[in-house]
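K.L.:
Below are the chains, spelled out letter by letter.
Number of protein chains: 4
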Amino acid sequence: MKTINRLDIDDARQLIAGAAAHAGSIGVPMCIAITDESGQLIAFERMEGGKVTSTTIAIDKAFTAAAARKATHEYGSASQPGAPAYGINAAIGGRLMVVAGGLPVIWQGEVVGGIGVSSGTPAQDQAVAQAGIDAWTARNEAARG
Amino acid sequence: MKTINRLDIDDARQLIAGAAAHAGSIGVPMCIAITDESGQLIAFERMEGGKVTSTTIAIDKAFTAAAARKATHEYGSASQPGAPAYGINAAIGGRLMVVAGGLPVIWQGEVVGGIGVSSGTPAQDQAVAQAGIDAWTARNEAARG
Amino acid sequence: MKTINRLDIDDARQLIAGAAAHAGSIGVPMCIAITDESGQLIAFERMEGGKVTSTTIAIDKAFTAAAARKATHEYGSASQPGAPAYGINAAIGGRLMVVAGGLPVIWQGEVVGGIGVSSGTPAQDQAVAQAGIDAWTARNEAARG
Amino acid sequence: MKTINRLDIDDARQLIAGAAAHAGSIGVPMCIAITDESGQLIAFERMEGGKVTSTTIAIDKAFTAAAARKATHEYGSASQPGAPAYGINAAIGGRLMVVAGGLPVIWQGEVVGGIGVSSGTPAQDQAVAQAGIDAWTARNEAARG
Numbered sequence: 001m002k003t004i005n006r007l008d009i010d011d012a013r014q015l016i017a018g019a020a021a022h023a024g025s026i027g028v029p030m031c032i033a034i035t036d037e038s039g040q041l042i043a044f045e046r047m048e049g050g051k052v053t054s055t056t057i058a059i060d061k062a063f064t065a066a067a068a069r070k071a072t073h074e075y076g077s078a079s080q081p082g083a084p085a086y087g088i089n090a091a092i093g094g095r096l097m098v099v100a101g102g103l104p105v106i107w108q109g110e111v112v113g114g115i116g117v118s119s120g121t122p123a124q125d126q127a128v129a130q131a132g133i134d135a136w137t138a139r140n141e142a143a144r145g
Numbered sequence: 001m002k003t004i005n006r007l008d009i010d011d012a013r014q015l016i017a018g019a020a021a022h023a024g025s026i027g028v029p030m031c032i033a034i035t036d037e038s039g040q041l042i043a044f045e046r047m048e049g050g051k052v053t054s055t056t057i058a059i060d061k062a063f064t065a066a067a068a069r070k071a072t073h074e075y076g077s078a079s080q081p082g083a084p085a086y087g088i089n090a091a092i093g094g095r096l097m098v099v100a101g102g103l104p105v106i107w108q109g110e111v112v113g114g115i116g117v118s119s120g121t122p123a124q125d126q127a128v129a130q131a132g133i134d135a136w137t138a139r140n141e142a143a144r145g
Numbered sequence: 001m002k003t004i005n006r007l008d009i010d011d012a013r014q015l016i017a018g019a020a021a022h023a024g025s026i027g028v029p030m031c032i033a034i035t036d037e038s039g040q041l042i043a044f045e046r047m048e049g050g051k052v053t054s055t056t057i058a059i060d061k062a063f064t065a066a067a068a069r070k071a072t073h074e075y076g077s078a079s080q081p082g083a084p085a086y087g088i089n090a091a092i093g094g095r096l097m098v099v100a101g102g103l104p105v106i107w108q109g110e111v112v113g114g115i116g117v118s119s120g121t122p123a124q125d126q127a128v129a130q131a132g133i134d135a136w137t138a139r140n141e142a143a144r145g
Numbered sequence: 001m002k003t004i005n006r007l008d009i010d011d012a013r014q015l016i017a018g019a020a021a022h023a024g025s026i027g028v029p030m031c032i033a034i035t036d037e038s039g040q041l042i043a044f045e046r047m048e049g050g051k052v053t054s055t056t057i058a059i060d061k062a063f064t065a066a067a068a069r070k071a072t073h074e075y076g077s078a079s080q081p082g083a084p085a086y087g088i089n090a091a092i093g094g095r096l097m098v099v100a101g102g103l104p105v106i107w108q109g110e111v112v113g114g115i116g117v118s119s120g121t122p123a124q125d126q127a128v129a130q131a132g133i134d135a136w137t138a139r140n141e142a143a144r145g
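Residue numbers (full-length UniProt numbering), protein chains in the order written: chain A, 1 to 145; chain B, 1 to 145; chain C, 1 to 145; chain D, 1 to 145.
Simulated from the structure, these hints should not be mistaken for laboratory data.
In this text, all values refer to a predicted model and were calculated from it rather than measured experimentally.
Even for Gly, the Cβ is constructed at its ideal location relative to N, Cα and C.
Worth double-checking, as some hints may not be accurate.
Stated by the list, open to error - Here are the computed distance ranges between Cβ atoms for each label pair:
1) A/G27 to D/S25: 32 to 42 Å
2) C/R144 to B/A85: 32 to 42 Å
3) B/Y86 to C/G93: 13 to 23 Å
4) B/A17 to A/G24: 16 to 26 Å
5) C/G93 to B/E141: 33 to 43 Å
6) B/W107 to C/A143: 55 to 65 Å
7) B/W107 to D/S38: 49 to 59 Å
8) C/A17 to B/R69: 33 to 43 Å
9) B/I26 to D/S25: 46 to 56 Å
10) D/P81 to B/D134: 54 to 64 Å
11) A/T53 to D/A17: 24 to 34 Å
12) C/E74 to A/G24: 22 to 32 Å
13) D/N5 to B/S38: 47 to 57 Å
Unchecked claim - Here are the computed lysine-lysine pairs in the DSS-like style, where the Cα-Cα straight-line distance is at most 30 Å:
14) A/K51 to B/K2
15) D/K2 to C/K51
16) B/K70 to C/K70
17) A/K2 to C/K70
18) D/K70 to C/K51
Unchecked claim - Computed far set for chain D versus chain C, every beta-carbon distance over 12 Å:
19) P81
20) Y86
21) V112
22) A123
Model the full assembly from the supplied sequences, consistent with the hints where possible.
P.N.:
Listed below in structure tokens is the structure:
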């Protein structure tokens, strides 16, 4: 038997709120998904103007980042033509996302969930995902005093 | 050319909050999904203790209710052995849900979205979905004065 | 943040060994799958003579039992024609199993994983899954002294 | 009518044990899958720390290696842009794996199964798969005296 840590629904809401705030500030409405450490969806929001195609993409970015414990943009580099993981973007029925915008959520050195963002450029998606994590981390640290 | 009305993200949040409040009051944590009138996901929450299997089921109940403009329990009746819609539960890769808990969200006589709830008994799921709609409707009516 | 308990790989091996021993004793080779509490596969064995179709069925029974925290045969009763969950067998792309042979694995009152068995009659599958749990439980209790 | 040779469950366990031993020695926990010569799963283990995404990937690497009778890294070369098999990574719903880590298991010049490994770098995955085969081969040769 073993014990693992994972995000709860309040964490998920904070991550979405932090990401949405940054998306608003750059004027790019996003789809934002949060998964637990196993890649299972906890919460999702499509902001006004977020793309319908981005629903699945955001969910799958969060799934990939959490369940593979790796940022999706790292898969992007590793899967270029000639690189070792070339072709992995079609794995798991296409759920393995290699486009930027999926980040593992880390707590005390351990992956406890994932955030996936889609609707902007991949760089914007990644920045918005990072902003969600930064807001959540800042709030956690403030709570610990 | 035509114009359609649909739920926005604030409506979706109100629907989830109303449903979650009722789920809390009966002590059954739920997965709650809101779609627009086309059946596309707007928002989702898995409450603490909501089932992992219910993620897809809640999303698909909301999809069915919105996009078919019919409560999922009505399909339950219509798809019994010998009934006209028998077998439809396997349609659309299994996304056409015939179990109670999916309701169309109606505004001025028109379907503008769907709510899907899963993790309890089908009767509990349906009651929680209805509670979400009731809370949203009450708030809309209050806003109109 | 929250903490959950789940089976580890040694638990999974014990569950498979206990189930396989009973399958051998009744002369029905089985496919046996073990998932964690989120329904993600930990270990799988197809015994000599286990059915190829039963690979997916066993995995999906374990997934259902763990992630819905319910024995698959309970879904069997609840989804008969006229019953509340009628039609749910096609949910989640058909992964929601309503045939006996999937059991949640419970530790200190909490679902920590699932076992799924397939290749015999549903009653045999269920008995073999139960035997796996019984062997694992007995060993745990012996270990605690 | 014809007769084919294939791995049995004891072979599968030896292959997993050999692979897991090497994975342990390099400190990279893996998902390890063994299929028969038709690509059908015989056994699977997710080591402590193996990635959830790697479950499907390991199974599909073993499937590809056995059923196509080709190491997955050979498909990696053959499917680069401009090469003859370009695009094949999306075939069979994405199950045709072109990333290293899937090897056919050969006995007396004939493919009798496949091993697929995932969670490390593709080079690590391939080395661990090879270690599984080497351990199994050594044991077979020792058994023959």
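K.L.:
For each hint, tell me whether it holds in the structure or not.
P.N.:
Each hint, compared with the structure:
Between A/G27 and D/S25 the C-beta distance comes to about 52 Å, which lies outside the given range of 32 to 42 Å. Between C/R144 and B/A85 the CB atoms are about 53 Å apart, so this pair departs from the stated range of 32 to 42 Å. As the Cβ distance of B/Y86 to C/G93 is approximately 20 Å, the hint placing it in 13 to 23 Å holds. Here the CB-CB span from B/A17 to A/G24 is close to 21 Å, well matched to the stated 16 to 26 Å.
Against the hinted window of 33 to 43 Å, the Cβ-Cβ separation of C/G93 and B/E141 comes to about 40 Å, which satisfies the hint. Range check, B/W107 to C/A143: about 60 Å between beta-carbon atoms, so the 55 to 65 Å window is met. With their beta carbons about 55 Å apart, B/W107 and D/S38 fall inside the hinted range of 49 to 59 Å. Restraint check, C/A17 to B/R69: a C-beta distance of roughly 52 Å breaks the suggested window 33 to 43 Å.
One distance hint, 46 to 56 Å for the beta-carbon pair B/I26 and D/S25, holds here, with the actual separation near 53 Å. The hinted window of 54 to 64 Å between D/P81 and B/D134 holds, with their beta carbons roughly 56 Å apart. Between A/T53 and D/A17 the C-beta distance comes to about 44 Å, which lies outside the given range of 24 to 34 Å. The given range of 22 to 32 Å is broken by C/E74 and A/G24, whose C-beta atoms sit roughly 46 Å from each other.
The hinted range of 47 to 57 Å is satisfied by D/N5 and B/S38, whose Cβ atoms lie roughly 54 Å apart. Proximity of A/K51 to B/K2 is assessed by CA-CA distance (about 20 Å); at most 30 Å being required, the pair is judged to hold. The straight-line distance between the Cα atoms of D/K2 and C/K51 is roughly 20 Å, inside the 30 Å bound, and the hint therefore holds. As the CA atoms of B/K70 and C/K70 are separated by approximately 28 Å, the hinted pair is consistent with the 30 Å bound.
For the proposed pair A/K2 and C/K70, the alpha carbon gap of about 21 Å is at most 30 Å, so the pair holds. A hinted pair counts as satisfied when its Cα atoms are at most 30 Å apart, and D/K70 with C/K51 qualifies at roughly 25 Å. Listed as outside the interface, D/P81 is consistent with that label: its C-beta sits roughly 33 Å from the nearest C-beta of chain C, beyond the 12 Å cut-off. D/Y86, annotated as away from the interface, keeps every beta carbon of chain C farther than 12 Å; the closest lies near 30 Å.
Non-interface status of D/V112 relative to chain C is upheld: no Cβ of that chain comes within 12 Å, the nearest being about 15 Å off. Listed as a non-interface residue, D/A123 keeps its Cβ farther than 12 Å from every Cβ of chain C; the least gap is roughly 24 Å.
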